[in-house]
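Student: What follows is each chain in one-letter form.
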Amino acid sequence: MPKTKERPNPVLLPSLCKGCGRCIEACPKDCITMGDQIDQQSGLIPVVIDYDICNGCGLCITACPEPYGLTADGYELEDPARLYGERGPLATKPDAIPAQEIPLPKCEPLVLKGNYAAAVGALLAGCRHVFGYPITPSTEGAELMAKLLPDMNGVFLQAVSEVATVNHMYGCGGAGLPCMTFTSSPGFSLMLEGISYMVGAEVPAVFLNVMRGGPGLGNIAPEQADIKLVCRGLGHGNTHAIVLAPTTPQEMLDLTRLAFELTFKYRNPVVIVADGYLGQMTGRVDLPDHMIKPGLPDWAVWGDHAHRNNLINSIELAEVDLERRNENLNDKYAKMTANEQRANLFRADDAEILILACNTPARMVKGAVEKLRQVGIAAGLFHPVTLWPFPIEKMKSLLGHVKTVLVVEASAGQLEDELRLAFSHAGIEGMTIENLRHMGGVLPQEDEIVRKVIEIQGVES
Amino acid sequence: MIKKEADWIQELPPNQYTIEDYDGGEARWCPGCGDFAVLSAVKRICRDNQIPPEKMVAVSGIGCSSRFPHYMNTYGFHGLHGRALPVACGIKARRPDLDIWVATGDGDCCSIGAGHWIHAIRYNMNITVMLFDNNVYGLTKNQSSPTSPQGLVTSTHPSGTWLPPLNPTLATLGFTNVSFVAQTVDWNPPHLYATLNAAYQHKGLSFVRIMQRCPTFTPNLFDPIINDPTRLILLTHENGIEVEPAVEKKFKNKVVHDPSDMTGARDLSTLEGKLAIGLLFHDPNTVIYDEFTNHGLDMDAGDKLKAVREEIARFAI
Numbered sequence: 001m002p003k004t005k006e007r008p009n010p011v012l013l014p015s016l017c018k019g020c021g022r023c024i025e026a027c028p029k030d031c032i033t034m035g036d037q038i039d040q041q042s043g044l045i046p047v048v049i050d051y052d053i054c055n056g057c058g059l060c061i062t063a064c065p066e067p068y069g070l071t072a073d074g075y076e077l078e079d080p081a082r083l084y085g086e087r088g089p090l091a092t093k094p095d096a097i098p099a100q101e102i103p104l105p106k107c108e109p110l111v112l113k114g115n116y117a118a119a120v121g122a123l124l125a126g127c128r129h130v131f132g133y134p135i136t137p138s139t140e141g142a143e144l145m146a147k148l149l150p151d152m153n154g155v156f157l158q159a160v161s162e163v164a165t166v167n168h169m170y171g172c173g174g175a176g177l178p179c180m181t182f183t184s185s186p187g188f189s190l191m192l193e194g195i196s197y198m199v200g201a202e203v204p205a206v207f208l209n210v211m212r213g214g215p216g217l218g219n220i221a222p223e224q225a226d227i228k229l230v231c232r233g234l235g236h237g238n239t240h241a242i243v244l245a246p247t248t249p250q251e252m253l254d255l256t257r258l259a260f261e262l263t264f265k266y267r268n269p270v271v272i273v274a275d276g277y278l279g280q281m282t283g284r285v286d287l288p289d290h291m292i293k294p295g296l297p298d299w300a301v302w303g304d305h306a307h308r309n310n311l312i313n314s315i316e317l318a319e320v321d322l323e324r325r326n327e328n329l330n331d332k333y334a335k336m337t338a339n340e341q342r343a344n345l346f347r348a349d350d351a352e353i354l355i356l357a358c359n360t361p362a363r364m365v366k367g368a369v370e371k372l373r374q375v376g377i378a379a380g381l382f383h384p385v386t387l388w389p390f391p392i393e394k395m396k397s398l399l400g401h402v403k404t405v406l407v408v409e410a411s412a413g414q415l416e417d418e419l420r421l422a423f424s425h426a427g428i429e430g431m432t433i434e435n436l437r438h439m440g441g442v443l444p445q446e447d448e449i450v451r452k453v454i455e456i457q458g459v460e461s
Numbered sequence: 001m002i003k004k005e006a007d008w009i010q011e012l013p014p015n016q017y018t019i020e021d022y023d024g025g026e027a028r029w030c031p032g033c034g035d036f037a038v039l040s041a042v043k044r045i046c047r048d049n050q051i052p053p054e055k056m057v058a059v060s061g062i063g064c065s066s067r068f069p070h071y072m073n074t075y076g077f078h079g080l081h082g083r084a085l086p087v088a089c090g091i092k093a094r095r096p097d098l099d100i101w102v103a104t105g106d107g108d109c110c111s112i113g114a115g116h117w118i119h120a121i122r123y124n125m126n127i128t129v130m131l132f133d134n135n136v137y138g139l140t141k142n143q144s145s146p147t148s149p150q151g152l153v154t155s156t157h158p159s160g161t162w163l164p165p166l167n168p169t170l171a172t173l174g175f176t177n178v179s180f181v182a183q184t185v186d187w188n189p190p191h192l193y194a195t196l197n198a199a200y201q202h203k204g205l206s207f208v209r210i211m212q213r214c215p216t217f218t219p220n221l222f223d224p225i226i227n228d229p230t231r232l233i234l235l236t237h238e239n240g241i242e243v244e245p246a247v248e249k250k251f252k253n254k255v256v257h258d259p260s261d262m263t264g265a266r267d268l269s270t271l272e273g274k275l276a277i278g279l280l281f282h283d284p285n286t287v288i289y290d291e292f293t294n295h296g297l298d299m300d301a302g303d304k305l306k307a308v309r310e311e312i313a314r315f316a317i
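Residue numbers (this note's numbering), protein chains in the order written: chain A, 1 to 461; chain B, 1 to 317.
You may find that some hints are simply not true.
Unchecked claim - Pairwise CB distance ranges, derived in the manner of DEER restraints:
#, chain 1, residue 1, chain 2, residue 2, range
1, B, E54, A, R324, 37 to 45 Å
2, A, P98, B, F36, 58 to 66 Å
3, A, N219, B, P53, 26 to 34 Å
4, B, E54, A, N219, 52 to 60 Å
5, B, P158, A, K403, 50 to 58 Å
6, A, K106, B, Q150, 39 to 47 Å
Quick caveat, the hints were computed from the structure, so don't treat them as lab data.
Just so you know, even glycine gets a beta-carbon here, dropped at the ideal spot from N, CA and C.
Make the full structure from the sequences, and use the hints.
Tutor: Here it is in structure tokens:
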């Protein structure tokens, strides 16, 4: 019997050696030196081992940071099947589990605040995961969720900031779960970076932005000055999201439900823009006849064997790959533009003056239209339910009788810019566009709108 | 320096600043809010140190306490939520001649601004930071803050907050390059004054946590400590914060604590059911970042032009 223990020599795979030299430092016999030949495969210079001096101590093997750079010769790996049992089958493509509709019993209408109505809409759409940070005038939504969700197998998590909020949603949405947040303008600004990542990684989530006065800290009164942000500036890069603009607590509920449907349909965030009054306003709300039990998408990072190959990310280092990803996104945006344009019309079928407005100002316009009709002026309301994509097709169908479009808004022309852009893309020229604007939390009043229309009418006739 | 007796002296030398010189807009906090006590203490410190109003900047983030700059007739900066400290550091970096007072709250500093807080302590610029800690979000009406005591019922935690509260003084003591950490309470104005004055005199970032009640949402927060005087511990030491003997006499529980003793400071900031007020930690020999960032302020136009030319010359072909 030989007294000395057989010790294996280190085996170097030159194509896997990066020449870092850690083995040279570790070798007590100085038998490893830096090479001088570039390896053809790796393009790096591997080390060289002098086996005449090597006594097989193995220190270089433990020092090597490459998983397979330096290995021990002569050892057979233990069969993993013997150690851990038979390996399971490789991950297959998971099946998407579709959402289910569950019928609801008929009930009396509720009287709800706008923020609460949106929260109830989210619950009926199957959302059980809400993240948020307190900000007036949107906090009530989060507060109701904090009260209800713990008893509904859900979670409300008060994040440390809006930056944390959007990333909680990135994670939760990436797991394939319907999630949302309630926020207001400054908070929404903070979320933009995350929204860009979510658009890039195609993660669904619903953002309710109860817009308040800006810029900067501004105030907590209603404004519509985030329209440009949500339609044209959702963070960096080529981003778009469907933007829904409710005008009543009922629509706060209905459009929140719709938002969850759309966000999963397109695998893209959806933004709902309300304003400070709409969030705080109380109104009659009828509940729908069914609620949604969410399914599980096949792309979700779900943590089971079937979803093993899924990866949520927005990085594409190769330029051509990133261009392809953008082209895919553009295809998706084109589909949204073709299929999701929505608008509500009020006495617009024969209108000569069409008033464009959304959120609370649309309510004032509705009253103004009634008054104008009483004095024989053919006015009508065009309420774009989707601000992006702008409902240009519906608008086009009215242009035969419309002489003037009056844009009534609580911003410095951001809604009008959306209209002008939509006209421009559709090749519509020569339409007279008038405006009535307020900022800083002041809203256009009914009488003011009536006066404006009469003034326009006077100029025309 | 004018003595405090000046409060009731009618006639001052005409070239001296009085409290009125620092009065800004009418303060609109809820009746009984501790913020009033802090505002009045700061104004008196300004007067007693004769800080010219134009040499002082009050900086704040968002929250009830962050109305502070509006109520001071000095320069003011009402900044972004959680970003009071970076704004303050931005000013101090190039205007070391200005006195910077930061008003921040437990939500502003310890939640959304937590990242900035760590690095502001490490920057150790010569500013005075007042953490108005009422354990709740008051401005947005009763949501949990990171310092809310466990079990506090708020609108975002209707069944009581789940997590143990973050301890701002303990955390600050753990940040690299910390130089001054003190704790005081809103219901003891002489101690509040003495603590903020000591913070103002310190060179480097002085961090003062002011424990206060929110009269609307957490009015009974400190009742156990207020009702049992032995639970409020006054820290005394020759290098600590000096209060008048009459004030010191009122404290039933006094502990001698050397402010250079970090371990002792950590123990004193984690007392169960008790509250230690005074100077927890003081290190006068720390690195101050504005001494680096104000480099070159004394250069004249000729020096700057010369430096630019030398730099450009390096790129000449």
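Student: Against this structure, judge whether each hint is valid.
Tutor: Here is how each hint holds up against the structure:
{"no.": "1", "hint": "B:E54 / A:R324: 37 to 45 Å", "in the structure": "violated (59 Å)"}
{"no.": "2", "hint": "A:P98 / B:F36: 58 to 66 Å", "in the structure": "holds (59 Å)"}
{"no.": "3", "hint": "A:N219 / B:P53: 26 to 34 Å", "in the structure": "holds (27 Å)"}
{"no.": "4", "hint": "B:E54 / A:N219: 52 to 60 Å", "in the structure": "violated (28 Å)"}
{"no.": "5", "hint": "B:P158 / A:K403: 50 to 58 Å", "in the structure": "holds (55 Å)"}
{"no.": "6", "hint": "A:K106 / B:Q150: 39 to 47 Å", "in the structure": "holds (43 Å)"}
Hints 1, 4 from the list above are not met by this structure, while the remaining hints are.
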